[in-house]
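Participant: With the hints as extra help, turn the sequences into a complete structure.
Residue numbers (our numbering), protein chains in the order written: chain R, 60 to 598; chain U, 60 to 598; chain L, 287 to 534; chain B, 287 to 534.
Hints are computed from structural coordinates only; laboratory data are not their basis. Beta carbons are placed, not taken as given, at the ideal position from N, Cα and C, and that holds for glycine. Check each hint, because a few of them may be wrong.
[Said to hold, decoys possible] Computed list of lysine-lysine pairs in DSSO-like fashion (alpha-carbon distance at most 30 Å, straight line):
#	chain 1	residue 1	chain 2	residue 2
1	B	K417	R	K440
2	B	K417	R	K534
3	U	K565	U	K195
4	U	K154	U	K195
5	R	K440	B	K322
6	L	K466	B	K322
7	L	K417	U	K524
8	U	K440	U	K565
9	R	K509	U	K509
10	R	K534	R	K516
11	B	K466	L	K322
[Said to hold, decoys possible] What the simulated footprint calls covered on chain R by chain B, stretch by stretch (three residues with Cβ under 8 Å from a Cβ of chain B suffice, anywhere in the stretch; the number is not a length):
#	stretch
12	69-83
13	470-481
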Amino acid sequence: MLTYPYQERKLNLNPALIDEARTLAKEIVAEVKPFIISHSTVSVERAVLRLLGIDGVNSEGIPLPNLVVEHLQEEGLLAEGSARTLTRAFIHYGKSPQSLAEGIEQGTIRLTELPDFPEEVIENTARALALPAVAKIRAQRQARRAMLAQGEGIEPYLYVIVATGDIYEDVVQARAAARQGADIIAVIRSTGQSLLDYVPYGPTTEGFGGTYATQANFRIMRAALDEVGKELGRYIRLTNYASGLCMPEIAAMGALERLDVMLNDSMYGIIFRDINMQRTFVDQYFSRMINGFAGIIINTGEDNYLTTADAMEAAHTVLASNFINAEFAFLSGVPEEQQGLGHAMEINPDVPDAFLYEMAQAQLVREVFPRSPIKYMPPTKHMTGNIFRGHIQDALFNVASVLTGQSIHLLGMLTEAIHTPLIQDRALSLEAARLVFGVLRHMGEEITFKAEGRIQKRAVETLEKAVGMLRDIEKIGLFMALERGMFADISRSLEGGRGLDGVFAKGADYLNPFIRLLGAETEGREAFESSAMGGERDV
Amino acid sequence: MLTYPYQERKLNLNPALIDEARTLAKEIVAEVKPFIISHSTVSVERAVLRLLGIDGVNSEGIPLPNLVVEHLQEEGLLAEGSARTLTRAFIHYGKSPQSLAEGIEQGTIRLTELPDFPEEVIENTARALALPAVAKIRAQRQARRAMLAQGEGIEPYLYVIVATGDIYEDVVQARAAARQGADIIAVIRSTGQSLLDYVPYGPTTEGFGGTYATQANFRIMRAALDEVGKELGRYIRLTNYASGLCMPEIAAMGALERLDVMLNDSMYGIIFRDINMQRTFVDQYFSRMINGFAGIIINTGEDNYLTTADAMEAAHTVLASNFINAEFAFLSGVPEEQQGLGHAMEINPDVPDAFLYEMAQAQLVREVFPRSPIKYMPPTKHMTGNIFRGHIQDALFNVASVLTGQSIHLLGMLTEAIHTPLIQDRALSLEAARLVFGVLRHMGEEITFKAEGRIQKRAVETLEKAVGMLRDIEKIGLFMALERGMFADISRSLEGGRGLDGVFAKGADYLNPFIRLLGAETEGREAFESSAMGGERDV
Amino acid sequence: MSEVNLKAVRPYGDTLDDGIVQLSFTLPIPFGEEAKEAAKRWALQSGFQEPNISHAQDMGEGFSFFVVYARSRVTVDFTVIEVPQLTQVRLEKRQIELRIREEVRRKLVVVGACIESDAHTVGIDAIMNMKGYNGHKGLESYHEVEAYNLGAQVSCEDLLAKAVSVSADAILISQVVTQKDIHLRNLTRMVEILELEGLRERFLLICGGPRLSYELAKELGYDAGFGTGTYAEDVAGFVLEAVLRQRI
Amino acid sequence: MSEVNLKAVRPYGDTLDDGIVQLSFTLPIPFGEEAKEAAKRWALQSGFQEPNISHAQDMGEGFSFFVVYARSRVTVDFTVIEVPQLTQVRLEKRQIELRIREEVRRKLVVVGACIESDAHTVGIDAIMNMKGYNGHKGLESYHEVEAYNLGAQVSCEDLLAKAVSVSADAILISQVVTQKDIHLRNLTRMVEILELEGLRERFLLICGGPRLSYELAKELGYDAGFGTGTYAEDVAGFVLEAVLRQRI
Ligand code: B12
Ligand code: B12
Ligand SMILES: Cc1ncc(COP(=O)(O)O)c(C=O)c1O
Ligand SMILES: Cc1ncc(COP(=O)(O)O)c(C=O)c1O
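Facilitator: Printed below as a string of structure tokens:
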């Protein structure tokens, strides 16, 4: 029901401040950029290998992309980029990347003894090897566009999670959720997957608080949702997590399997999973490039800030981070129309007038990012075992969402504090949201906020504080800001956290054909840019 | 939290229209007034007897007031007013009204053979006999004022019902409700009591869907609520029903026992209980006089219209009826501050933008009656067995209520479609309302409605239609309007319905000392008028 | 997900046969750790497993409220379930009218009311009045039906008298208030009066209301009963079929 | 209202001993009259009386959801209930500090973490970090406590190593995720490791989390467990008492 871009201006915000925030964020990101583009990671390389067609696991269950990268690492070949060596091997052996990987696994192929080839030959061959994946992703994007044209939900999109730990049970829940009215299904990942430095393989039926993100699971769920969506005449979007130590690989898998939304933040892993910041910045860059090209909406994780920090005090950190996340997205070529910036309704409901402050925050994010499919997260921290009270807290969240024109609406569950959603929890939430959205559909258009009232004041104040924070960060740099715990009250060090050993400086002859094919200003994009630029969304 | 009178003007209503409506209503009522003041009813007379101190039942359970009135009727003495004959008997026998009544019951006293006395003596004696009740009621009003000064809830007042059918169980529920946060407790009456032409006696423990309204039950509940209110530092108001065939008597009982709120409509009995309209108009006049004097807030029953008629189509009938009800109240000397005009949230939630129309209606009633403690009734008709959905419907009602500055907020129950409230249903509703009111407390002040938007248009349209309806009624008269089924789609005839045989024309020497003592422009009032006029409410 | 065993169906939360059930209830005991333990024991004694007292709240006056999630091992055999139901297909108004005209060849006569203490006329009005319900016109709008809606709080005697005086085919009774089973009492009263007067066979006796079902109506000695979501067509169709059946 | 018989307490709706309970659950059977009947039978077989299926809803994919009100005859004897509880009185921070200074006469040392897969630090932070929770300062703010909060997803081994290296008095463990009883597994793992290393007696072992209780903790072999609404004082007080007790 939203008309893009969002048109209302209810908060009396100072546009100069918003411009300043954007400029600051751009500068903050620009400072990190040299580091990012001069480095790669094991996960980026594994993603490259996956896009080149390498998949599967060995008898011990170790994924071939991991084995190949380890091999390259051992042989000191990784700095050139896995694509270069694989391409050379391809030319030399005349075998597909998959066969090569299997050969490496079995020890029948060694990459150290490869002859060299003219640079042009290597580049062209690498490009040729890369094209099938690019074509596949493009085809998926086209398929999505075609299916969306057949019918889809209206905003705010109803987004629910399934989290049984078993992909087959997830499918049942997801299909039922679609019938119950969901527009977007997110398959929650098993606790701890983000810390695995490999992607599990095949369909999985065990997980805690979620199901492993595997390519097979993606495919199974995609097929199930396509089927039910077709029946319902409504395309059902699928969400997963390109987060953690494997974000680029998961992005690649998601692009190939036509996921529609990916949790894909530039800093979440650093802050919340204690993943090394150097690793994350490099990983997010490539993973977002893939998501951008695939027409996948990325979701950022600022809502998480308010699960540890206080929502009244830390509202501005969410906005400041949104600005930074958006700039990182631009850097990877993700257009605004795919920037599902996250924020949340997490003020303690015991705070008098809490709803007013939530409205201020929700409207603020909406007005500042009028073209982005912003994602609004429900109350979680202050939910309790009282499901009846919780259902009301969620209803208020629904009200705030529809009043402020949110795009992606993650449904709160009355059982939030108890367990991952049961089949009926989701149905009850969906029903409640549909009810609220229906009876309040045009309320947002009907109301204006008092000039200099509580809502406007709170919004202006939050914007000012966010700009102040960005000014500080711009001065000290993002790395230092993270060290100081400026986000979510959590401090991380440059060398600390997991996965730093997987980061390496690109060699002078580093090759990754996908950067040119998928990146912001490059060839593969053409086909889609025109429409995206026109403001129309095919995502 | 409301400041009286309500100040906001958000609907862009035409004040001339409101004035016209009031004038029309005044004229409509003025047309009925001659009939009203020239008639009395058996129930009015029984109320007079009760106020003179007659109470109790005979061995067959027939209340003494009924026996005396029947006796007077048989003897052809009723047209003079029961007070006249009782006064004469008092002078003659020197016995209290109660002893006289007992004598009549036992056949030891006959009223036909009484000597006559000078009119002045009779009037003065009647007045003297009436004064103790007047003093008692005044004392109750003063007691209420004193207790309110110790502490009370803030508006919208949280109003819940108890309906176990057993006064002792009701007490448990009511005390628990007070602790759970209720400001007002209504003891629902047993199904069908409104059609009884007598008031049951003593404490009762059986009833269907409610507990009998008896003076003993009033007293028991009053004591229980005073006790718990004192403990909580918050005066707990008590509500019952001065409706049906005995409305004046119940009003008298309520005034004596310090009830705070009475359902007391000028037409409800006619429309919904098929009570004869002549009977009701006379009864309501005297019952409201008592309520007015006692500082009791009356609640009108327009919400009921929307349980039979469609809330989208019939919204204006509610408003039109509110105007008429208010004028009838003025006629009886009930000031605006005690006119708890009723309206309800009953639009089918499947109607797109239903909430906007509800807001329009709620705000309209609020703005049109800025000094009245208007009473907002929750969704009932569209509640279903889905308690979770119902809880959300009620939450939206809570939102509408606090946004539009309602005064008395009858809580919706998630189990509305299933059973009368369980102890936890009430607690959950109270908790939900407190939550919503808390987080939205000042939202009403924060928002304005778009000029000529859906809400304003709907409100203006409803007001116009109400005025149109009042114009029609003014032309044909209220009796005819009722015959034509203009309220709630229910048609009633002048001679039809129950209780007509209890109506009689006052004789030339009719006497009822309470009319002068309790009525609008008369002596008993003085003590309170000054404060009520000042806008301060002691009710 | 594994196949559901329809011979042993049990509640489902998010995994087949997990048995998860939500409960809420109040116990008349003061709030505290002991109350929680009592709630847990109540759940265990009721046969639930792993009761999780996810919420406990003081209701005041020595009462405590609980929200509980627990697992149930109780199964039902779904394969043996047969619900006595009206077998009739839902006809449309037009068809019904036509069939009355052509097959019954006289108007059907129905009288209806909310009996005794019940004043909830919206349900019976939905069935009988012109306007109907949810776009389904009521019996009064049927050319081929003579419908008398007596309204609220009509005594059984008055309703019967009317039915006799207009030679009704069917008597329609609405009962909405069910507190303390008053609906059962009222409905039974009507049957008893009819039987006493020897008139039970003379009329089709039909009841309706949100807590009524075909099954319950049959138990009470009625010819049919209708619950939530009934439309005039359902009733007219039933009366039509029954009248035709009687003819044979 | 009559007196409650505490030896036979049963659910209460609005009349003593009415036994009213609300239930909701899904059955893996397709929506319809038969599903409703199945729900009713399930309730009856579970021992409830007069089940009233007040709501039935199609969940899609062959599932049906129900809201049920029913009566229970099950009673619990409230008079015999005793809940193992920390007997200790809640001391205030000031008092605790004083008693450590005067009676223990050295700082208390505690290490804490969310172990294994669990990343929910808010709870342990609420207990340990400077800032604390709801205005109750955390252990880090105690002069007389040396507190090491290792944060999220710490392996049992790492936590133990830290405890050994700083000679901790107490190990604090938080477990929030309980799906598939992972908290039980993780908590048990810690006890096993401690026992294997022969170190179980060396440390006070304390766990906490929204689904934990003193009772459950004891069952698992912990010295204490704390649930929702715990503050640093509770933990500090417990450690203090236990350390003093060990001295004697
Ligand atoms: C509207 C309403 C009223 C109105 C009734 C106006 C009127 N003229 O009907 C008013 C305000 C007057 C009222 C009063 C009372 N009510 Co009332 N009321 C309701 C309410 C909100 C809606 C009922 C309704 O209209 N439903 C819509 C109709 C269309 O649905 P339906 O009745 O189920 O009818 C459908 C089917 O059941 C079927 N059907 C029904 N009858 C028949 C008959 C036949 C022959 C057939 C074939 C089919 C059929 O077809 C219909 C269409 O599909 C319900 C709560 C709720 N949401 O259900 C409470 C409710 C029914 N009321 C209740 C009570 C207790 C009362 C009072 C007794 C309270 C009191 N003590 O004052 C009074 C007294 C009334 C009395 N003497 O009976 C309780 C009953 C509790 C119980 N289970 O026993 C309820 C459930 C509310 C509650 N939670 O307390 N009420
Ligand atoms: C905040 C939160 C998160 C944050 C955590 C941030 C952080 N750094 O802690 C984030 C967003 C990262 C998160 C992630 C996940 N979460 Co989470 N999360 C929550 C949430 C909303 C609030 C928890 C909270 O902070 N409560 C506030 C604190 C203060 O309360 P507390 O933990 O109970 O602590 C108190 C007491 O228990 C006690 N206490 C606790 N620990 C200890 C320890 C000791 C020694 C003592 C003495 C006392 C003590 O004292 C504390 C203060 O009184 C809950 C839902 C809810 N409303 O409860 C879900 C919830 C706990 N999460 C859940 C899940 C499944 C996850 C994920 C696994 C989902 C996924 N697959 O991605 C992930 C992965 C996390 C992981 N690896 O563990 C589920 C758990 C379901 C279950 N019962 O198993 C919940 C219930 C939500 C749901 N319904 O699905 N989550
Ligand atoms: C950006 C992002 N990634 C991932 C996750 C999921 O958590 P985990 O890292 O445990 O998979 C979240 C959760 O909110 C998130 O916001
Ligand atoms: C004015 C009024 N009186 C009385 C009642 C209660 O109904 P009864 O007449 O059955 O007591 C209502 C119910 O809404 C009402 O609005």
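Participant: All the hints need checking, so say for each whether the structure fits it.
Facilitator: A quick look at each hint next to the structure:
1. B:K417 with R:K440: 17 Å, holds
2. B:K417 with R:K534: 28 Å, holds
3. U:K565 with U:K195: Between U:K565 and U:K195 the Cα gap is close to 27 Å, so the pair holds against 30 Å.
4. U:K154 with U:K195: 21 Å, holds
5. R:K440 with B:K322: Violated. R:K440 to B:K322 sits at ~36 Å, over the 30 Å cutoff.
6. L:K466 with B:K322: 23 Å, holds
7. L:K417 with U:K524: 22 Å, holds
8. U:K440 with U:K565: 42 Å, violated
9. R:K509 with U:K509: Roughly 12 Å separates the two Cα atoms, so the pair holds.
10. R:K534 with R:K516: Holds, because 27 Å separates the two Cα atoms, which is no more than 30 Å.
11. B:K466 with L:K322: 23 Å, holds
12. 69-83: With 0 residues closer than 8 Å to chain B, the stretch 69-83 of chain R misses the three-residue bar; violated.
13. 470-481: Three-residue rule met by the stretch 470-481 of chain R, so holds; n is 4.
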